[in-house]
Amino acid sequence: MTAADTLVPFDDATDRYDPVLGIEVHVELGTATKMFDGAPNIFAAEPNTAITPVSLGLPGTLPVVNAKAVEYAIRIGLALNCEIAESCRFARKQYFYPDLTKNFQTSQYDEPIAHDGFIDVELEDGEVFRVEIERAHMEEDAGKNTHVGGSTGRIHGATHSLVDYNRAGVPLVEIVTRPITGTGKRTPEVAAAYVRTLRDIFRALDVSEARMERGNVRADVNVSLRANPEAPLGTRSETKNVNSFRSIEKTVRYEISRHAGILDEGGSVVQETRHFHEEDGSTSSGRMKSDAEDYRYFPEPDLVPVAPSREWVEEIRSSLPELPAARRRRLLGEWGFTDLEMRDATNAGALDPIEQTVAAGASAQSARKWWMGELARTAREQDVELDALAVTPAQVAQLQKLIDDKKINDKIARTVLGKVLAGEGDPAAIVEAEGLAVVSDDSVLTAAVDQALADNPDVVAKIQGGKVQAIGALIGPIMKATRGQADAGRVREIILEKVDVEG
Amino acid sequence: MPAIGREDVARLADLARIQLSDDEISRFAGEFDAIMDAVASVSEVASQDVPATSHPLPLTNVFREDVVTDTLTQEQALSGAPDAKDGRFAVPQILGEE
Chain A
1 MTAADTLVPF DDATDRYDPV LGIEVHVELG TATKMFDGAP NIFAAEPNTA
51 ITPVSLGLPG TLPVVNAKAV EYAIRIGLAL NCEIAESCRF ARKQYFYPDL
101 TKNFQTSQYD EPIAHDGFID VELEDGEVFR VEIERAHMEE DAGKNTHVGG
151 STGRIHGATH SLVDYNRAGV PLVEIVTRPI TGTGKRTPEV AAAYVRTLRD
201 IFRALDVSEA RMERGNVRAD VNVSLRANPE APLGTRSETK NVNSFRSIEK
251 TVRYEISRHA GILDEGGSVV QETRHFHEED GSTSSGRMKS DAEDYRYFPE
301 PDLVPVAPSR EWVEEIRSSL PELPAARRRR LLGEWGFTDL EMRDATNAGA
351 LDPIEQTVAA GASAQSARKW WMGELARTAR EQDVELDALA VTPAQVAQLQ
401 KLIDDKKIND KIARTVLGKV LAGEGDPAAI VEAEGLAVVS DDSVLTAAVD
451 QALADNPDVV AKIQGGKVQA IGALIGPIMK ATRGQADAGR VREIILEKVD
501 VEG
Chain B
504 MPAIGREDVA RLADLARIQL SDDEISRFAG EFDAIMDAVA SVSEVASQDV
554 PATSHPLPLT NVFREDVVTD TLTQEQALSG APDAKDGRFA VPQILGEE
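If you read the protein sequences in the order shown, they are chains A and B. As numbered in my numbering, residues 1 to 503 make up the first sequence, in order. As numbered in my numbering, residues 504 to 601 make up the second sequence, in order.
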């Protein structure tokens, strides 16, 4: 499988070669129906139930373009700073494989709906790379094959295959980059960050659920090496359908090491498609890459051109939501975070919860403190994302308000949060039900202070002698007497009054 | 003038999954050449000011609303299939591709 690959260590490979990336991302659009027919666009239905005669390409059927899918494609194109074609058309991409019934995929070839764009991709440490977009085009997804009789469900050794066409005809937009150069040792990170940036944009645009684990977003990763940045591009390999960020990084690392091994031995990289293997992070040879002319593209005679009016395009442009990068800039200004705090919050997926907590009344810094502190720790322990924790931003804001109102202190707040996470209810209700509110009732506190003063005359002498920090020795017994619920600030004030010292 | 040779025909046949005998390959090579010649005569007539046309009708933007229509039942979908299993179309072994 991959045992024969000679791998050059990544650092060595990137010291001596200049890696170049190219990425094709497919995103399934979240329309109600398919690209060319009214079959529902749904995940995980019974096999072969979300189909019409058009989905099956039965004789006599004709495709009709889904207006919403075109709108979504334009939205994506605009968000990627692309030009939107005045007129474009569909084309038939011919290939023989039973994931589509027609022996061709309806796609776009020479006239994509969007072209010549770019996006800026920010890595975790803030370094930004601009990725140029060559094109974004509309096409249909294919059905799903299950190979039977082989050892591992793979095609090799299978005796036959079973096909479910529920996914056949689901609208896709394929986004193709120009060669991404100048990324050096950061090439694997750039690849993953680019796809993550697209994923976030798709979600912000509300054109797709964009769930990687469901295959809503799939990346084909092209890697090539050349001797130096002035040399012509090397031969590339294309690793298909890599669908997690970590796998994308691993694919790029592996391919850079593998290509370097081939080139070091004076060999030639074969232009081919490859498969990524999750279990060991390697790739293996798929098939020889067909040339475009092998697909014998020609204009789809059953569909007329799509010519989005400039009015429509501008209407869509003006209705674009705030995109992730702009949102980060805005929140940075509103919250007054440092760049580092902002990056950490972004990388932790904490922007949404913090924003919602602020909206529920908390200050930005206190919201950050909870989500990046106690809650981030809990999420790590439970190995879940922040937004999967059993606490709502409103509950966090309520908890903070209890602190701000001096009803509870930080220590009790953490206890209350634990109870919220355990599903015991809202913070205010928990504090109420369990009598956790701090005691700031002076009569109760004064009694406890008097007792402590009487028990510790030596400490009193120290305080009166000017060692105000000796108060700490009195706080312990008072907290104990009030079951940890004394308002420490108020206690301190009372002690100072009693011993007649200016704090 | 692109001449269609035997290798081109063999490659096309392979791409189209059509098995041709040696005789057929030779015969088609000649016939394709004649067809290409005939089509080429169109480009002699078409001058620079005639835009390339991929569709004869002066129509654009034929869309449908994103509304779910009736679907086939699984039984209907599979009714014309030579073979089916577990609600899916059963197809012969697929070789040499993935």
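Do not take every clue at face value.
[Said to hold, decoys possible] Listed below are the simulated DSBU-like cross-link pairs for lysine-lysine, each with C-alpha atoms no more than 30 Å apart in a straight line:
id, chain 1, residue 1, chain 2, residue 2
1, A, Lys-369, A, Lys-419
2, A, Lys-407, A, Lys-498
3, A, Lys-406, A, Lys-480
4, A, Lys-462, A, Lys-480
5, A, Lys-369, A, Lys-411
6, A, Lys-144, A, Lys-240
7, A, Lys-480, B, Lys-588
8, B, Lys-588, A, Lys-102
9, B, Lys-588, A, Lys-185
[Unchecked claim] Chain B side only, calculated, beta carbon under 10 Å to chain A, not exhaustive:
id, residue
10, Ser-544
11, Thr-576
12, Leu-581
Quick caveat, the hints were computed from the structure, so don't treat them as lab data. Here a beta-carbon is modelled for each residue, glycine too, at the ideal position from N, C-alpha and C.
Consistency of the hints with the structure:
Only pairs whose Cα atoms come within 30 Å are accepted, and Lys-369(A) paired with Lys-419(A) is accepted, the gap being roughly 18 Å. With a CA separation close to 24 Å, the supplied pair Lys-407(A) and Lys-498(A) stays within the 30 Å bound. Taken as a hint, the Lys-406(A) and Lys-480(A) pair is honoured in the structure, with Cα atoms around 19 Å apart against an allowance of 30 Å. Proximity of Lys-462(A) to Lys-480(A) is assessed by CA-CA distance (about 22 Å); at most 30 Å being required, the pair is judged to hold.
Under the criterion of a C-alpha separation no larger than 30 Å, the hint pairing Lys-369(A) with Lys-411(A) is consistent with the structure, at around 14 Å. Among the hinted pairs, Lys-144(A) with Lys-240(A) is consistent with the structure: their alpha-carbon atoms are about 15 Å apart, no more than 30 Å. At most 30 Å may separate the alpha-carbon atoms for a hinted pair to count; Lys-480(A) and Lys-588(B) exceed this at roughly 72 Å. Between Lys-588(B) and Lys-102(A) the CA atoms are separated by roughly 21 Å; this keeps the pair inside 30 Å, and the hint holds.
Note on Lys-588(B) and Lys-185(A): the hinted pairing is violated, with a Cα-Cα distance of about 49 Å set against a maximum of 30 Å. The restraint placing Ser-544(B) at the interface with chain A is violated, with a minimum CB-CB distance near 19 Å, outside the 10 Å limit. The closest approach between the C-beta of Thr-576(B) and any C-beta of chain A is roughly 7 Å, which is under the 10 Å cut-off, so the hint is satisfied. With 10 Å as the threshold, the beta carbon of Leu-581(B) comes within range of chain A, its nearest partner Cβ sitting at about 6 Å, so the hint holds.
Of the hints listed earlier, those the structure fails to meet are numbers 7, 9 and 10, in rising order.
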